[in-house]
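J.: Can you build the whole structure from these sequences, using the hints too?
In case you want the letters, here they are:
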Amino acid sequence: MAADDLNASVAPQEGHRYLLKSSGFGRHLAATAASFALVTALLWGAIRSGVLPGEAHLADPDSTIIATKARLASRPGGESIAFVGDSSCLINIDIPTLRQQGIAAVNLGTLSYLGIDSFGLLARRFCEGRPGAEIVLVVHPECLRLTEPSVEHRAILESALESQGAPISGGGWNRFQRETFDGFRTRMLDRWIPTPLRGRMGERYGFTQDLGASLVSTGGTMEETAVFDAAAPHGSAEYRLARRIRPECEAFRSRLPDGVRVRVIISPVPSSHALKSHEATVTQLGREVSRWIQADESAGAMPLVMPDSDFGTVTHLLPSAARTYSGILARKILEK
Amino acid sequence: MIFNSNTFLIFFLVVTLLYWLVRRNERHRDALILVSSFYFYGSWDWRFLGLLVLTGGIDFLCAKKISDSTEKTVRHRWLVLSICSNIGTLGFFKYAGFFIDSAVAALEQFGIHGPRPALQILLPAGISFYTFQALSYTLDVYRNHITVERNVFKYFAFLTFFPQLVAGPIERASFLLPQFREPRKISLEQVSRGVWFILWGFVMKVVIADYLAPLADLAFGSQQAGGAVILLGTLAFGGQIYGDFAGYSLIARGLANTMGFELSPNFSQPYFSNNIQEFWRRWHQTLSAWFRDYLYIPLGGDRRGDARTYLNIIITFTLAGLWHGANWTFLFWGLCHGVSLAVFRWWRQSPLSRSLWIPVPVGWLMTLSVVGVGWLFFRATSLKQAFGMMDAAWTRPGPSWGHSYLIAVTIGVAMVALSDAFQRRFPWDRVGQWSWKRRAMFQGLLLAFIVARWGKEAPSFIYFQF
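If you're matching them up, the sequences are chains Z and D in order.
Per our numbering, residue 1 is the first one in the first sequence, and the count goes up by one each step.
Per our numbering, residue 1001 is the first one in the second sequence, and the count goes up by one each step.
Hint data in this document are derived by calculation from the structure and do not stem from the laboratory.
One or more hints might be untrue.
[What the hints assert, rightly or not] Simulated restraints on C-beta separations:
id : chain 1 : residue 1 : chain 2 : residue 2 : range
1  : D       : Asp1302   : Z       : Ala226    : 52 to 58 Å
2  : Z       : Gly26     : D       : Val1074   : 52 to 58 Å
3  : D       : Leu1051   : Z       : Glu158    : 51 to 57 Å
4  : D       : Leu1054   : Z       : Arg243    : 57 to 63 Å
5  : Z       : Leu19     : D       : His1145   : 28 to 34 Å
6  : D       : Arg1438   : Z       : Leu19     : 21 to 27 Å
7  : Z       : Ala104    : D       : Asp1101   : 55 to 61 Å
8  : D       : Ala1096   : Z       : Glu158    : 41 to 47 Å
9  : D       : Arg1425   : Z       : Ala33     : 22 to 28 Å
10 : D       : Thr1147   : Z       : Ala33     : 52 to 58 Å
11 : Z       : Gly26     : D       : Phe1153   : 45 to 51 Å
12 : Z       : Gly26     : D       : Arg1150   : 39 to 45 Å
13 : Z       : Arg48     : D       : Leu1122   : 46 to 52 Å
Model, not experiment: these values are computed from the prediction.
Using N, Cα and C, we set each Cβ at its ideal position, and we do this for glycine too.
T.: The structure is reproduced here in structure tokens:
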């Protein structure tokens, strides 16, 4: 066998051959990229130039809740009392029950991630143009021991109160998305295309648009749909005040016009979750918060512990219990 | 690692660069495909790589023995071993829990109570797909439709080719394996086609299917869903599963094209079908063909009289239903389609069909209705839920968010219809004729849609669970 034949028999076969020139393919890719860049630039320009309307704040439940509360706070109306606070306020304070008792109130409760200082922004907006307005801060003991508030949630609130686009934090991909495609979606598409909610909230409210509409129609009250499971882990039942609470309370007070009356309510916990010392501890926490906020009185007379069957979660009452709780609250307000 | 993730994009970029580097050596090419496919598969759960190698290795050996022997009984014996290995593996990992639970439940009906064994068997990704592809190889060797592959690397490169490993298209060895045996010639047309398919596939998955997914979840996960929401939810799921699976198949074909390979088409705008038979010629074509060639025809096909033909159709589709998952809902879904196809066949052959003309839109609507009822069972978690939802569609009023749901689903269904109408009007044969500028402009627009919907969380493909 000739040496050439031997080489031919062991020489590896070619795997594949590119029949395309890199310049031809590169031209295709470059043109596609240019077309994409053009679309992106158009969106970026439209957002930057302010041609598009402000953000609709309907992309997710948190944005929807915060933005709706900002609208409720800004809306002129006959309400003289505003409840501000975390999600225990959002869910436990049933405005229709208060209205039945002749109390003109609005629920501006949002989420604990916002922090007490941010609740003050909503309270201040409510007080503008409402002489004699009264603010009730409703917080769950859980909220008092949380660490730093969420910057993103605060940005949503500020942008909703100012009806402006939220400041864009971070860089890279997120910033690119926010300034182009996400920006277009939150400003335009979210106004026309309903955004579905997930899980229990989805089952109850369906879409963010429906959640917003429901919050407006109920004066800001939202319903809890979960059923409390006492056996499930619920975190520590020992409540305390985080260090950040004092400056936040002071900032809250400083945001309010002089002479605005403020009260503080600490939300109840399920009986199976409450330690023996719970009422004493929480009453003391409430007093501290009231002092820093310069509240007129602490609403210590409101229930601090309620039966497990009244709860959906550790922080949220079921709708029927929220009505009962709000009935008690109405009587306390009318007594004063 | 799933196609619609940043990890996969990086993976594929690296593979493409390495693929260019190994172009001069076939063995290196096969080795690269094999290693990258193993890496791709191992990214789900590396433990199942052993199973893939074991079952694939048994098939490789069986096919070799079948090919080496001229004795019918010997060939038959090795074929049976290959079938038992594949079906046994599939049966254990996918159906063991289902059959045991069903048997225990059946015994309890007769008052015989025993402990329910708590089987915790993880389902290897893509097992239904690769076992069927491996089976087609030994069956085709047995039938002398293809020469046996003696190079184990080439064989495993064919079996584990990553674009189609976990969710098909289920390729015939006679179609795909020969492509590994000769040098691939990668033309500009093929790469352009691949890019076009990849972009459309991502549009179908990321833009359409992922938009419809939470809408379908809302209807199927809600205790409040009733009235028209059930119907709309079923439509949403029909659009979701189509966008999801057809999108995946297009991406797989596109990826293979950029590497110089061809994969079979899996979908041809099935929702434009005017009868159920046409639907199955357009829906998951490679699975339909597999069941036709390896089950329906061996059962006798349509050669043993009408009654037997109807029975063969029903058996084939019921088993095709069960192939999708170990649940009575899938079995019932397959049964529904089998019965519908049998009825359609009877109708076509009856004198009635010649005297009673059914307008095309009516045929289309009837087809969609049958397919829609099927999707209700396919998506439900149990037969109880499926029948409960059918009941709720008539008896329970819709939820308060029904109006928003109608708008949202209408937008989703319109996207499916527009996407299909476009692909039907402009198949690649026409798009390939466009000027490169026109195509690039359109591709840029598709890319913009994809980027706009590209999320941090990459929702998986529905068919990965099968």
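J.: Now, for every hint given, state plainly whether the structure supports it.
T.: Checked hints:
1. Asp1302(D) with Ala226(Z): 52 to 58 Å: Since Asp1302(D) and Ala226(Z) have Cβ atoms about 56 Å apart, the given range 52 to 58 Å holds.
2. Gly26(Z) with Val1074(D): 52 to 58 Å: With a Cβ separation near 56 Å, Gly26(Z) and Val1074(D) satisfy 52 to 58 Å, so the hint holds.
3. Leu1051(D) with Glu158(Z): 51 to 57 Å: Distance hint for Leu1051(D), Glu158(Z) holds at roughly 55 Å.
4. Leu1054(D) with Arg243(Z): 57 to 63 Å: holds, 59 Å
5. Leu19(Z) with His1145(D): 28 to 34 Å: Check passed, 30 Å falls within 28 to 34 Å.
6. Arg1438(D) with Leu19(Z): 21 to 27 Å: Given range 21 to 27 Å: holds, Cβ gap about 23 Å.
7. Ala104(Z) with Asp1101(D): 55 to 61 Å: holds, 59 Å
8. Ala1096(D) with Glu158(Z): 41 to 47 Å: About 57 Å separates the Cβ atoms of Ala1096(D) and Glu158(Z), which means 41 to 47 Å is violated.
9. Arg1425(D) with Ala33(Z): 22 to 28 Å: holds, 26 Å
10. Thr1147(D) with Ala33(Z): 52 to 58 Å: violated, 45 Å
11. Gly26(Z) with Phe1153(D): 45 to 51 Å: violated, 33 Å
12. Gly26(Z) with Arg1150(D): 39 to 45 Å: holds, 40 Å
13. Arg48(Z) with Leu1122(D): 46 to 52 Å: holds, 50 Å
Comparing the model with each earlier hint shows violations of hints 8, 10, 11; every other hint is respected.
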